[in-house]
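Asker: As a plain string of letters, each chain reads:
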Amino acid sequence: MMLRPLAAFLLCFTLAGPAMAQATLDGTMRDLASLRQGLAEFSEQKSIPELSSPLPSTGTLSWTAPDRLEKHTTWPAEETLRVEGDRLLLARPAQGIRQELSLDQSPEIRPFVEAIRATLAGDLATLRQYYEVSFSPEGEGWHMVLTPLSARIRVALQRVDIYGSGGFVRQVETRGNDGITTLRITPRP
Amino acid sequence: MRPLLLRLGGALLVLALVGVGLFRTIPIRAEMTDLLPPGRTPAAEFLLRELRSGAATTLLLAGIEGAAEPELARISRAVGDRLRESGQFSFVGNGSLDLSETERDLIFQYRYLLSPADPASFEAAGLKGKLSGLLEGLRSAASPLLARFGFADPTGAFFDLLRGWLGQSRVQLRAGAWFAEGASPPRALIVARSRASGLDTEAQAAAVATFQAAFAAASPGDARLLLSGPGVFGAEAAAAIRADVEMISILSGLLILGFLWLRYRSLLMLFAVAVPLGAGTLAGVAAVGLGFGAVHGAALGFGMTMLGVVVDYPLLLITQRRPAESLRDTARRIWPTLRLAAGAAALGLTGMMLSGFPILAQLGLFGAAGLLVGVVVTAGLLPWLLPGTALVPRPLPRALARGLGAVRGWRWLALVVPLAALVLLALGGPRWEDDLARLSPVPPAQLRLDEELRGQLGAPDVRGIVALAGPDAEAVLRKAEAVEQALQPLVARGQLGGFDSPARYLPSAATQRARQAALPSADIMRPRLQEASAGLPFRPEAFNRFLDSLAESRTLPVLTVEGLPRLPILAARLDPLLSPRGDGWQGLVIPQDLRDIGALRAALAGLDDPGILWVDVKAETQGVVTLATRQALLWCGLGGLAVLLLLAVGLRRGWRGLPAALWTAAPIAGALLVTVAALALLGQRLTPFHLAALLLAAGVGMDYALFFGSAARQGAEEADRTLGAVFNCTMTTLLTFGLLAFCATPVLRGIGLTVAIGVSSAFLLALALSPPSALAASEKMPN
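Going line by line, the protein sequences match chains Z and G. Going by the numbering used here, the letters in the first sequence line up with residues 147 to 335, in that order. Going by the numbering used here, the letters in the second sequence line up with residues 142 to 924, in that order.
None of these hints come from the bench; they were simulated from the model. Built from N, CA and C at the ideal position, the CB exists for glycine as well. Certain hints may be false.
So the derived label-pair ranges between C-beta atoms look like this [said to hold, decoys possible]:
id, chain 1, residue 1, chain 2, residue 2, range
1, Z, 286, G, 362, 48 to 56 angstroms
2, Z, 204, G, 246, 57 to 65 angstroms
3, Z, 202, G, 747, 50 to 58 angstroms
4, G, 681, Z, 221, 22 to 30 angstroms
5, Z, 221, G, 746, 41 to 49 angstroms
6, G, 681, Z, 187, 30 to 38 angstroms
7, G, 266, Z, 179, 29 to 37 angstroms
8, Z, 271, G, 682, 40 to 48 angstroms
Only chain G is shown next, with the shape it has when bound in the complex (with noise of 0.2 angstroms):
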């Protein structure tokens, strides 16, 4: 014994090893976007990229609540000052907009390049009224404000450019913090937009760190700090994965290990089984290393649960051994049909491979390459180090020994298939899921609680985006003025609420070029002045200012992004909407409160720009999830398609092999009919990583089928034998995936399930329709 424990020490040692080596050199990531599907057409791929990296990646929406109204607003000022000086963010808006005076002073210099005003503003009859407003104010409590900017810019163009920057705004100002209109009790709402790009999920993740450190630093008492955005997202969602695949492989390990012990009372069998598991493990790290250059932690994690599939191969190979045979000779003995389910198994997760999506297809890679080295493992590695063992399962319990002979060829269970098939066109089939949120592995009361902010802060959501790509952002500005343009229109017709625009807040320099051409020069101005202030206590010399500024715009240098880093408000509120991507750059036109979809259409399609494209959220997000189901159904048919071609070859049977192929397969099928009917009536909704699931289990089930195809053939006892080293396969994947079931993370839930009912029913079905032994059929008689 003590040997042959070192032996197999040796080898765990090695493993050991081996696996730091390569967790040293393969990074792990944990994208969560990885979880999402590829697109296909122009508009889903936008959407993707968006979802990945886009704007909305960056930014972090807060609610304070649980105090006084005066207190909330004083710890968000507090936590507003704090991030500002963490230099972490690029915006942090809780309160009123403060221009630094540089800033101000600039846009001030601007202000008739960048407001849209109305040329008619400068003629004598627009003036007027402008005059007669400015007195207004001049007798209100703002005169200092307006004595201090209105003789210089009578037209108001600069209080119009900053209330049309501010406007839309549905969050209201109390106690100088910005507050949730109506809630109760009442919210103070804080929005951040953090420097980092939305794929440094580090960064991303610093900045929900500093936010709720600065939160800690306000003193905020009894006050709770409720944050949200894509940063908290993926931390939320890394935790819940890292929870989950800890609880899993730490319940699972140990449950594995109780029910060996349970079922073989030896240390041995325990190092037996994992050495092929772990030499499996290693080989699927190093292979999705190889392939994609890093493992996603979630395709780590869960690969490992997959892998503990490997188990049923030393477990198979151990309990098949008969009475004074050698190890090596039951390897070669049961080879053919190892090699086969192994192989089989291995060729049903290709489709996993080829499916698209990044972490399916290392799903994939990770499992084929585990179960095609833990086999070859199992069967040439485990004999050598375990010479002359006799390792012997304790008997099964009378009762379940019994059962599991009255389910043996009990061929009336194949009626469950029909019935699944009924329930299925009962439920009117299964159903599939179109939302991409609900693939997300996001908590959902987190999600909840994005929605509120958002609303609350006046971002609803959004219906559709214009996207706008060209070579420089001059194009892209050109671009925007020319949709908005066309939108305008729709406006006035009430077909649109609105809608947001780079071009808003800087003008195009063709647009700027224009507006300086077509400002009057102070000697025309000056008479429509006198004209316009007839009536008017102005003294002549008031608006010498004005004058002044008018010759000053005309020869003014435009402003252009280049410009921006001396605007941060300004840049803060461009950035989401006009930003550099690869070699060119990207715009966005956002409609608010759209009405009328088909009149946004044809008129961006009047435009007849290629760099422009609408993006249906909705639809692309529905229609990304419908093809890629689509595509991994197709690839998982053709993966179905290929394993029979394979068990056709496999069973040596020449041209009669297919039918041999379809009977081995037919419980399996069997079996996915009942699991995909069970999991509609359990009111699943069926994904790619279900239907990957669906392909694990049936390779699962389909070792099963095999090893009871091929044991009925050897007589009864060796069926008997087969049956119990199955069922501890069983009961080791059922001890893995039933706590997949469990998990909080829904993908991980539906595979949990999905694996579970498989297997389990493919156990069943395998067992009910294997060929009769003569022991077998013998014990039948009597019923």
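If we strip away everything but chain Z, and leave its shape as in the complex, we get (with noise of 0.2 angstroms):
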């Protein structure tokens, strides 16, 4: 019969789809922004130098296109961190601590918000107005590094290394002045 080489075919071809179409900067801008919405669970790992060990934390992500993000930690202190247009705000129940800034006003702040919204966003420009932007497709997903522009920004924060695969974002690690901070990032079921 035809049909069982052709499906042989069809199937080998959506199989080796992936691969055999390897990550471009663009194509993969164009799938972050196709993402419009979404919700993930994130584990942090903090190493900062003055600390014998590392300082862990979980809780959930959540992003709405094109500039609202919310970081919500639930462990082991609870946090909620949330971006939505130039505010800012920090807000850590426990401590009675709400902070509100405006990202206008904070350059030094900006920078590493846009590292993960401007990401998530697939706004490169946005990326671009305050880091060099390398990219690599690695394996099935790619591999994004930025380096910040300004040497002001640099002495905070040294570079970001952002992997990925399609439109998803899965870990992203930050070099700063308070050491490595890896952020893992598993889609929810």
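Both chains are given apart, each in its own frame, so use the hints to dock them into the complex.
Answerer: Right under this line is the structure:
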């Protein structure tokens, strides 16, 4: 029958498809931009040089295009970090801390935010406003390295490594004066 | 006719030239604070000085509303950036506080000298809590910030300092801009402090203009800018006074011209009136310029209006000329009365000169000089300018003439005086103004806006201020620290909410040195740190930067006011609370939410330092006005007595002069009583300005009584002529002062009402009480 080889061919094509079309920066940005909303769990490890052991934490991340990102830490202490538009809100209910600030007026904080937010939004122009962006396909996914353009920022933040596949970000690794922070993201089933 | 016009025109031209010269040489001031009374106690003096040139005078408060919140925030930021760029402001607050990197580093370097932290935070037990807190912070999203400062400052002195300086703010930070809490519709808030002195009204006005330009440049769309602050007040008040004065001078000028035309139908008359008026005005300007070095705009405007009274003299002279009498003879005939009238009015005004109010003193001098020169020019120059000219007024309309004739000698009218006394009694006497704010020419709507913005910015009305004085900044800062220590127990007991003090921002050098001496050395600190971090994941070398900075802090040269230029944000906070004054320095400790004034007074009295002064703002402002009013009342009374004496002498009746003087003064005294009762009925609170206006009304009324009296002795025809002349005078006075009553400026409105009521009642009473002439008496017979 003609059908079997055709089916095998099709199957072969679908399996090989992703591997054959290597990730590109523009394509990845388009994939990222197409994801309008997302909810994921994260686990984070902070390795601070002055500390003998890393500090772990877990919680959830939620993203709503074009610019709302919320990082809700549930363990070991409750914390909400929310950016929306120009505003950043940091709340730690246990300490009674609730701080709000304008990103436009906080040029030292904005690059930290945009590294993740502009990536999730697939907004390459904004990324390039603050970072030199280098991109490479890696295995089935991609690896993007962000290096701050401003020397002043590089004092606090040396580089950000972002790993993902397709339109999904799997891991963000930040090297700054508070050491290396690794954020692993798993989509909610 | 023509040569006469030329002659009068020539005289006016000469006056105009002199006027141009005068206004070129004598500066005109517009300081609103000249409207303030003088202070007579140290606390009142302090308060008035603060009102004139204090920190509050350089502050601009702004609200922006009329758009959505993000748009308002954008405008606020754009305005803020532009204001900072302008360099005209020492401080602009509209959102989060941005310390420059150099200032932040400097404050960080000096953290242990500036911070009032308990020395116990350097003990192992205190440190333990701090280290757990640091670890907690490192887990949070703020970890980059904490990693940067926390290991070098585990006690948290730096962040505590910044929090303390920023604290107590009532504003809400939304979209990166300050917003009024709970305001609906939303209102963005901006505070700016201009660099220029509060005394420099021009620079303050320039700062206001810069603010408005910055707003316009921020493409605000439908959003509105609400601006307040003394700089705005000054401009608004000056504009209000200017508008009033312009309105009055133009309108009253036209009305008087119209009235004179109606009565005399002669261009010559208008010129003849203008000559003494012009000469009087110039004399007033010259006298004030000589006496005070400058003329206040309000004194000029109001003084010119006041000198409208000078119009009376040519009117009296020309109208009282008998048929076939030369003007020179008329002048000679009425000179004794005219001289007495002008002398009495000028003497009455000297009370104003001694009142102590700068503006009243200027007005008094302006008026007295103007009146005297006006009368001399009338009697001496006019007959020469108008030889042999007959200017005859048109007869009064019949109905009016009959009405006035009926009033003449109608003694029953005097009953209005006891009636007024009864009204006053029933109202519980006249009401005196005790609120300084109500003397202000600032429009009430502007004052309401200011109060609202102040409340929203968390700067509620202060009940009082602790004023500190010392030879140098260090001495003042030490006093501030002593006051802080004395007030701390009150805060603990809840008698006081808190306080702001210059030493909170810059401790005295003595305190900084004491803190340096109390700092533990690195060797002492190391084992304590080890003990405190037991069980916590800090590496042994984690706090090396802290140990280094302890050693550095112990040897730093202390921070003093000389170092402030390097710390612009800190200096901006400190500036209103600590400043050089004259030879020495002045500091302010501002209690907040004061609940027990007695406890505060007792605590300050315990310090027993003459350089520490408690200023009860409300009590002092009331006291200042009350005292000034009482003083003005005293001088007015003395002025009145002096006028009586002058009359007694002037009426040339020897020892019997006094009863005659009293008889002449009686209608005036009655008119004053009627005026005060009428003002009370109208709900006016009496201020020193009302008293001055009463004096003026009395002086003008005195003319009427004198002329009615002297005319009555010269027969019916003379009496009628005089009635016409005095009626014309009253009308011209009413036309000017009646207009003042429509002014927006409270002070001018009060003066206008007072003079208008006073002059009309003086006219009617003087007419009613005038000695009956033969004809008038016969006319009265049929009744």
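Asker: Identify every previously stated hint that the structure contradicts and give their numbers, smallest first.
Answerer: 2, 5 and 7
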